[in-house]
Amino acid sequence: MKQNLVEVKNLEKYFETSGGLLSRKKNVVKAVDDISFNIPVGESLGLVGQSGCGKTTTARALCLLDPKTNGDIKFLNRETNLLESIDNLDGEELKKFRRNIQMIFQDPYESLNPRWTIKDIILEPLNIHNIGSLSDRDDAVVEILKTVGLTPPENYLPRYPHELSGGQRQRVSIARTLIMKPKFVVCDEPTSMLDVSIRISIMDLMLNLAKDLEVSYLYITHDLAVARYMCNTIAVMFNGKIVEIAETEELLSNPIHPYTKRLISSIPIPDPSYERKVYDLNYDELDSIIAKDTEKKGMVDIGNQHYVATHDVKGLL
Amino acid sequence: MKKEVLKVDNLNMHYETLSGNVSAVKNVSFTIHEGESFGLVGESGCGKTSVAMSLLQLQADNAKISSGSIKLEGRELVGLSESELRKVRWDSISIVFQGAMNAWNPVIKIGEQIREAIREHYPSNTKQQNIEKIKELFEIVGLKEEIMDRYPHELSGGMKQRAVIALALSCNPKVVIADEPTTALDVVIQDQILKEIKKVQELLGLSLIYISHDIAVIAEMTSQMAVMYAGSIVEIGPTKEIFSNPKHAYTRLLLESTPSVVGEKKKLRSLDGEPPSLIDDIKGCSFSPRCPNPTEECKNGTKDMRLIKVGEGHYADSCCVECG
Amino acid sequence: MENNEKDIRKAIRKEALRKNVNLFRSSKLGKTGLIIVAFFAFLAILQPILFLTGIWNDGVYHPVVGYDASKTEFLVVECPRDYPTEKYESRADCPAKGEINKSIIFDPNVKVGQLYEANVQPAPPSSKHILGTDSLGRDIFSQIMEGSQVAFLLGLLSATLGVAISTILGSIAAFYGGRVDAYLMRQSDLILMLPFLPLLFIISAFVELKVWHLAVVLGILGGLGGSVITIKSAALQVKVKPFVDSARITGGSRMRILFSHILPNVAPLALLFMVFSVTGAIASESVLSFLGLLNIDMSWGLMIYLSQTDGYIFSGLEYWWLILPAGLSVTFLAGGFYLVGRGLDEVFNPRLRGR
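Residue numbers (our numbering), protein chains in the order written: chain A, 24 to 340; chain B, 30 to 353; chain C, 3 to 357.
Hint data in this document are derived by calculation from the structure and do not stem from the laboratory.
Be aware that a few hints might be false.
[As the list claims (entries may be wrong)] Computed list of lysine-lysine pairs in DSS-like fashion (alpha-carbon distance at most 30 Å, straight line):
(1) C:Lys33 x A:Lys169
(2) B:Lys294 x A:Lys169
(3) A:Lys337 x B:Lys227
(4) C:Lys241 x A:Lys206
(5) A:Lys300 x B:Lys269
(6) A:Lys234 x B:Lys296
(7) A:Lys284 x B:Lys295
(8) B:Lys203 x A:Lys284
(9) C:Lys241 x A:Lys204
(10) B:Lys295 x A:Lys169
(11) A:Lys284 x B:Lys162
(12) A:Lys300 x B:Lys227
(13) B:Lys228 x A:Lys284
(14) A:Lys206 x B:Lys295
(15) A:Lys300 x B:Lys116
(16) B:Lys203 x B:Lys228
(17) A:Lys204 x C:Lys243
With these hints in hand, go ahead and build the complete structure from the sequences.
Here it is in structure tokens:
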């Protein structure tokens, strides 16, 4: 039984909006509504869902970018080998924690400071955490540029982001992210804005680095095919909740929740002779699953590490 | 033999910029028959949107057609004056743009905006006739009548997209161009819209040009297709044929680098480098920088680079047929 | 490796500079503005050179204390009491050009019909004085050059001060938000509400305003005013960009993010503001000098003020050299800076660029 790197329990993120100019009532938008998942060391979890389902909000809460409303996030402390809560970290501890968790963003054009050179961008994490001597830092930057395929490094170090292509910029983001050798990287659709022909090279790079550096990914995407390529386990999100979570192949061959079925059956297949599987979206199966959740835990174990949510989503589908 | 509706012959288009002329479309030729759906697939900078814009002559001010012909139902479009083109646009050929959901004027009701388009071509219609027409269109695309009186911000993304399709159909065109109409839409809604488009096409006997970078969508929506790279067509033919028997190195790499949710999980091939930008003037075969094993002739451009026949109705750029 | 990198960096900077310069050059507005500004800058520098190299005699050409004692010959006449006469139509026609009325000559020995040498101030442009002299015998051209120095000094000082203040305040407001933001915005609103010129009048009543003082006052007023709001919104736009998130996730401190990430990206807008506020400063100074509120030795506004108090302003075109050079200088230099700002805007704002 592998050790967990990240354990998320009952994560909630609510936004309050006022009801209007004169109304005192506050509307609560439940962007993330009570989700729980674990990510074992060295494995990757795909968070799949359509826009507005709460996947980016979850990612930002995990990285401590935006404060969460409720819930428990535990992270494996490398030194003590224990899972520790990251709730009340502050000052030095928070800074130390930040070395272990990083994020790669979707937009290659906005995720690098346009006024900084590539060298400065990749150096920044080392400078913030004061790691190594100045020459050590320079060497580290050169090494990581080679690792992500931007060779010869000298050609890239003095350049500015606008001189690079989208794919090259994402490689710089990856270099900057991984120079600290974090254990956990949240990837927010890093290839969706790149050309189709270069997506695989970026994804392969990320997979290789994950293996070499033992990094776990939380890979956020709306594209199940990409999630399949990148992740061992996939969690499907809908309306702020996780509706189904299972190992990748298990999920794709045996979807249980109606939403998952609907999602899979909507995906176009790059093969004109292939007939898409049409799922029978009856709710009887969902009802029987809801009935199984006697303890009202929210997720039911179907077996084989396959969990299905018991939230009644009929009205929303 | 079905009637030819659109015939594009050796179309060349370039942009005039401060740094000289940049060629965006190079010798593009294809033919579309009645009721046919034709796919144009390629990545950014391949010229597919430039082709679409050229067909409607809606390009930017500094874009010029240098040579070639576009015949819509036998009538030559290249060289027509602006006023003549206005009559042709929307009436015979219309377009559903990329990001079309944002193309609505936020302060005018949807119905009124569609009526504006109809009035342009059928000025003699009464208001009631136009409203009836819109009701018909809405039924075809699956929108409720009352949407006519709504403002764009009151509609969801999917609804706005359907309204855009209704707008494109409003003047009974023979050819509809769909330029990535479902980007930014959820996969579930995309599926519904695509089914809608197919239904409409069959119902009205339209010819459809579907432009996308997503080969899965092209596979499902089109019967004929062309693959574009760096401004030229590198492979063209029946969709089924191209998918089962891709001849051009780029096509093959494209097909093999697309992940899928079905089938065996296999290792995908990746392409080195990036798609060329229009400004790069590549000598010789435009694909040679990324070709797995280019020959000297490819790089020099001495190799013959015409489209050659590789199958029934199936043509590919001869340079890269043997490579990769 | 190090050298290679430095070389590439230099080459890239040169390339970027060249590209930006070309962009600026392709902007007609910017080019025009730059030419105007350069012209006045040249004038400003020219004056001390002329003095130092001895081309100009300090005693004659100094803008404040110079005096030209050149004399002109006049025919002495006696103006009659009643008009019209044979020679003159009305009182205003006597003495005519080239004539001088006996009654204003002190020397009792001068007789009518003689030729008399007198100083005429203000003197029209001549070969000695390109733009003539004012009523105190001071060379106008020299005064224009002096005024140019004042304008540049004042403009750049107040602009720099103002932009420094508003950039820092705007970035702080955007970054820290909450109460800090609320306070700064209210303060900005307050300053915006204050009527600008009346305020300066009041200040000048209490404090003796020299050029430096005026520059500081203008700088502070400008810096605390509406520009804070604009810079704040620009800073806000930067704050939500992913690269700022990235810096936060990496563990960057707030100070670091503010100074290394937000400020550099707000700088182009700030630079633009600076150029535009030079325009305002020059115009304000000329108005205040014209109203006589500044304790200043020489400036363009002062030139016009003097011509007004001496009564020449409504003389029409007869004493044009007292008014036009100064007035046009204000207009052109202020306008020149504005055009430079427009040109810079095209460089910084790619959306405005033509193909």
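Given the hint that Lys300 (chain A) pairs with Lys269 (chain B), does the C-alpha gap stay at or below 30 Å? With a Cα-Cα distance of about 19 Å, the restraint between Lys300 (chain A) and Lys269 (chain B) holds, given a limit of 30 Å.
Pair hint Lys203 (chain B) and Lys284 (chain A), alpha-carbon separation not exceeding 30 Å: Given that 30 Å is the threshold and the Cα spacing comes to 37 Å, the pair is violated.
Given the hinted pair Lys241 (chain C) and Lys206 (chain A), is their alpha-carbon gap at most 30 Å? holds (27 Å)
Do the alpha carbons of Lys294 (chain B) and Lys169 (chain A) lie within 30 Å of each other, as the hint requires? holds (29 Å)
Pair hint Lys206 (chain A) and Lys295 (chain B), alpha-carbon separation not exceeding 30 Å: This hinted pair holds, its Cα atoms lying about 27 Å apart.
Check the hint pairing Lys33 (chain C) with Lys169 (chain A) against an upper bound of 30 Å on the C-alpha distance. Measuring from Cα to Cα gives roughly 44 Å; hence the hint is violated.
Does the structure keep Lys204 (chain A) and Lys243 (chain C) at a Cα separation of 30 Å or less? holds (24 Å)
Please work out if Lys241 (chain C) and Lys204 (chain A) have their alpha carbons no farther apart than 30 Å. holds (26 Å)
Hinted pair, alpha-carbon criterion (30 Å max): Lys284 (chain A), Lys295 (chain B). Please report holds or violated. Distance ~23 Å between Lys284 (chain A) and Lys295 (chain B) Cα, so the pair holds.
What's the verdict on Lys300 (chain A) and Lys227 (chain B), does the C-alpha distance respect the 30 Å limit or exceed it? holds (19 Å)
Agreement of Lys295 (chain B) and Lys169 (chain A) with the hint, judged by alpha carbon distance not exceeding 30 Å: Satisfied, since the Cα-Cα distance of roughly 27 Å is no more than 30 Å.
Given hint Lys162 (chain B) paired with Lys284 (chain A) - CA-CA distance at most 30 Å: violated (37 Å)
Of the numbered hints listed earlier, those contradicted by the structure are 1, 8, 11 and 15.
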